[in-house]
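K.L.:
Below are the chains, spelled out letter by letter.
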Amino acid sequence: MDNYKGVLVCGEMADGKLAPITIELLGVGRKLADELGEELSVLLLGSKSGALGQDAIAYGADNVYISEDSLFDIYNSDAYTMATANLCKKILPSIMLFGYTDIGCDLSPRLNGRLGGGLSMECSALSIDPATKLLVTTRPVFGGNALATMLSKTARPQMATIRAKVMPPAERNDSRQGKIIPLEDKVDPSALKVKVVEKIKEEVEGVKLEDAEVVVAGGRGMGTAADFAKLRELAGILGGAVGGTRVACDEGWVSATLQIGQSGKVVSPKLYLAVGLSGAMAHIAGCLGSKCIVAINKDNDANIFNVAHFGIVGDWKEILPPLTEKMKELKGK
Amino acid sequence: MNIIVCVKQVLDPEIPPAKFKVDPETKQVIPPAGVPPVISVYDERAVEAACRLKDKNKGKITVISMGSEKAADVIKHAISMGADDGFVLSDPAFENLDSFGTAYVLSKTIQKIGAYDLVLCGRQAADWGAGQVGSILAEILGIPVITLACEIEVAGTNVKVKRIVSDGFEVLEAPMPSLVTVSSEIGMPRLPAGMRLMMARKKQVPVWKAADIGAEASFLDKGNAHTEVTGLSVPSRKIECEIITGATPAEAAANLAAKLANLI
Amino acid sequence: MSPVSATYLGIPGYVIFWVMFLVTMGLFLPRAYFLYRLMCLGKQENRFDRIGERFKNMLFVVIPQWCTLKSVTSKDLAGIGHALLFWGFSCFLVSYIVLIGISEGLGLHSYIRGGAFETGFLTVLDIAGIIVMLSMIWAAIRRYIVRPPRLEISLEAGFIMFMVFGLMVLHFCTESFGMAALGETHGLPPISSAIASYLVNAGVPKDTLMNVSYGAWWLHYAFILVFTIYIPRSKHLHVLASAPNVFFKSLDRKVVLEPIPLEALESEEPPELGVSKIQDLKWKDILDLYACAKCGRCHVSCPAQVSGKTLSPREFLRHMKDHLLEAGPGLLTKGSNGSGEATPELEGKRLVGDVVTEDEIWACTTCGACQEVCPVNIEHIRKLLEMRQNLVLVHNQMPESAQLMLRNMQTRGNPWAGAQSLRLRGDWTNDVEVKVLGESDENPSTLLWVGCTGALIDRNVLATLSLVRILNAAGVDFCVLGEAESCCGDPARRAGYEFQFQISAEENIETFKNFNIKEIITSCPHCYNALKNEYPLYGAEFKVIHYTELFAELIKQGKLKLTNDVNTLIAYHDPCYLSRYNGVYQEPREIIDRIPKAKFKEMERSKTTTFCCGGGGGHMWIEEQHGTTKINHLRMDEVIETGADTIATSCPYCLQMLEEGIEQKGVKETLKAKDLVEVVEAAMKQS
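Chains as they are written, first to last, in this note's numbering: chain H, 1 to 333; chain U, 1 to 264; chain G, 1 to 687.
Okay, chain H solo, but in the shape it has when bound:
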């Protein structure tokens, strides 16, 4: 346990640049490394990794481990697990940080299983206990009804996954120095059991849900897929995006990629309009970070009114059309 040192960020790349989540992880990783007096490293896999080494250093990394093997350009669970595990066995990081992303959610548990560490998913806070120097993680449990603090006394590495926009991004300092280290071990393509056969991109019109400043979400009370079109209309007027609860996605009224909640996307827009949804905790977990939550529901006992800032008790069928009209007017001004 004592020979485990340092913080390793499993980085991701998007559109030829460091993914925003990686910059956030470097930020918190730097803080943790400084508290421990240890080094911060980042792993980048893919053909663009070499070009981004300096950026990673500028954001706080002491070491950047890269592999420019194009095998890593499309995420493959086996390949990433093998490569990362090989690195970990060499450098023995005390702490590993992942994004709560498509890659991170798949890679971290598998890696944890392979390395025998201790993993906390979806952390909302990380800190180093001053006495024990252990990583203390805080994460929501029971659908967001409670918060748990966790640590790993002896298991290493101590791992955590963090959602985007939870931690502030690292400050860039181009004068920082660091090392760029290519990985020694190669991954044998024939050893990969899991193969990616197809990628289907869902063309989402307009603003991406995670980036939208305004989100209009519908739930069980919507009733049909056609009713969701009315939400799209309002979202369009406000320059925002549409999302749905687990029920709405299960029913096929809105694409599964637009699910908001504990097991979907977490959004924190300026304005979150919750239409015809009761506000089960698992959904609310996905929108609590919003500046202003507005609820429209015909049941005045609905839980959504416990977390909303404004609300109207009524049938959305009667409220949404005039609201859309008024919003159109106001936007026009």
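Think of the hints as simulated: they come from the structure by calculation, not from any bench.
Values in this document were obtained by computation on a predicted structure and should not be read as measured data.
Don't take each hint at face value.
Facing chain H, according to a computed beta carbon distance under 8 angstroms, are these residues of chain U, among others [said to hold, decoys possible]: (1) Glu14; (2) Arg123; (3) Gly129; (4) Leu172; (5) Glu173; (6) His226; (7) Leu232.
Heads up, the beta-carbon is just placed ideally off N, CA and C, and yes, glycines get one too.
Chain H is already provided as a structure; the job is to place chains U and G on it using the hints.
P.N.:
Chains U and G in isolation, oriented as in the chain H frame:
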């Protein structure tokens, strides 16, 4: 084909939030009186995925659950949906195990059950939501793992899985035996059909202890736990919701729009 | 005179008579037998119990024509017309047997004709004939000129009226011309004599008179035979099927659902659950289809139909009968138990889905108005519920809102679970003094069964608390199950999830037995109906009363004193499951009568003609289909029309639906919905 599904019995996630209470001393949730525990939401989806595979290809579904003896209820629920058989793993040594401990117990059970083509788990438990047991289990068993499935098919000797990613879907294939974790996007689980509901009630679900599955004490030692919970609390949420009214719905909508004017 | 004794073109009359008769029988009997065999395709059901009671029912319904007289209102007097027609035509039926069959056919006319008996009989027939003709004129005017919504403009109806009217005209022709030919113009039979006198005075030749009389007689005979052939090929089959249908009606329960025997399910070839093909119906269901005369009374009383949904009780019965006649021949040739598939031409015409659509199946609120008003005791509801059973238990097909409710019932033990309720089952017991079962060693043998809605939904909890306070004040010794109470199972049964009902029933009965419960008080009519009428089939042995029955009794005994003034104009909405299903409607009125200063306004559709609130049949949870309006809005219009400021009811679903209606109609300021217990409590002195 032989499918094994791992299910967990959890506190009902739909209890009114105001009734949710924790004991900070024991770091446990205090279950409210008169609320029966239920099958974890994602595990039920895993059972549904297994039933759909059984509908298409001939097969046998075995369901296993680590928990108290009451976990027999979730086994019966799975049987009423379409599973054939099930076992409860209950032992004082199994209490409060972390993800690794849980995966270990499940792996010993699966070894005892014998041959399998596919192991299905929910993507995370509806209570603690650690989201790791499936992947760790796959590592222990030495089989490939695919996570967050929204559709599972059999393609020859491979399993073909459509999984959900942030900007769409991916389709992956892996040779069986392998493990797949199932997400809620797979759709609504079936309502247990008439006859199966009655059949399942009468089923005697065997309970296996540590000795029955050959679980070694060192793996169950809480002192060797990979992660432990050091605190549990309920965050306070104090927001006063301002209810907007109006003589008509249209007026209420207009009043609301006025309030939000500076946000859009 | 004897038409049969004459010879026509060399052929003896009686030869013609019997040849015509045999031809008719050759066309009637096989068809009737065919219909009988179709009926036997249906499943077994024992409707042969309590034969004496059944005979009495049939006689007392048919002979005094209570079947149609029961639904006579100031707006719909047709029942009187039918009664007159029936009594009149019955006389003619006797005459066909005696005066045609025995007298002419068997050649015994010399014993029957020419005496006081004949004169007396013909006098009765004369009067009956006029009555029947007038009733047919009235019927024709009603159907073709007035055109009330429930009657169809159909060729079938027209033909039947024409035939009946024609038979009367031909009777008068036969008698009056015959009497004129014989010079018999003495006063009786009155009308025939009068016509005969006129004919004699008009100087019509004797031969002509005789020929016309004989001609009319034969034509009359032909009409009877044609009518006979027509009966099993049209809706007029109801004349043969209706009396048996009344005989075989359900004696106790409105909806006869039998427990599904589990042993049968575990056999090698388990029967399919519910109804998916026409031969899955019980034989009594098929007899129902024969008994229907398309009167349309059910059509205009159905809340789904009048609020614009596609469901119409009359229509789906019609479609089922048409489908039976289409699919029947194929099924009969496959074997007498009809286990064959439908014939190839019927591919794609499934009973459930095509003949009766899923929308129709799910729109029913099981209010029972159709069955209440049906003159021939057709059991509409059971057919729809058994089709729901097939959809749910076998095909996992149901509206999403139904599936959510059923999943809740199955995993959580009540239909309200999930984000719909912010309460736990036993929470309400904290707000009032009440004995909870299991808290002490001894417990009262009277249980107050609160029900899911009364325990979990805020508005209805207020009523529960009122009820408990009243029972305490009246000194009733009772207990409650508190958090251990779980659903009676009724919503599952109404939504077709039959096994869940069975499981709930068995578990609840076990609980009652363990605690030695002898009597149960309910506040929800749905629980009341389930516990009282349906649980006994699962082994229950306890008395069940609704609180309205109890209060009425307590008031009589002086244990409940209503002394506070309650100044209100109050209307009462009869819950379907209390008034129609169980006949409890006097007691609430007795209670209201005792409330000081309260003025009562009766609604037009009340007691057993009450109009559904829209919440039954699982519809508290199942989304109402799109129609022209909502069912509870229609009821609200009636309530608002009374001008009452309080609308009281004694059902939690009705209370919810009325509250919602008040909200949606925007009359919150002037009208309040209350459970009757709340009104009663307001009338009690606070201690």
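K.L.:
It remains to establish, for every hint, whether it holds in the given structure.
P.N.:
Consistency of the hints with the structure:
Taking 8 angstroms as the C-beta contact cut-off toward chain H, the hint placing Glu14 (chain U) at the interface holds, the least distance being around 7 angstroms. Satisfaction of the interface hint for Arg123 (chain U) is found here, the shortest Cβ-Cβ separation to chain H being roughly 7 angstroms, below the 8 angstroms cut-off. Taking 8 angstroms as the C-beta contact cut-off toward chain H, the hint placing Gly129 (chain U) at the interface holds, the least distance being around 6 angstroms. Among the interface hints, the one on Leu172 (chain U) holds; its C-beta lies about 6 angstroms from the nearest C-beta in chain H, closer than the 8 angstroms criterion.
Against a cut-off of 8 angstroms between C-beta atoms, the interface hint on Glu173 (chain U) holds, since the closest Cβ of chain H lies about 5 angstroms away. Hint status for His226 (chain U): holds, given a least beta-carbon distance of 4 angstroms to chain H, under 8 angstroms. At a threshold of 8 angstroms, the smallest CB-CB gap from Leu232 (chain U) to chain H is about 5 angstroms, leaving the interface hint in force.
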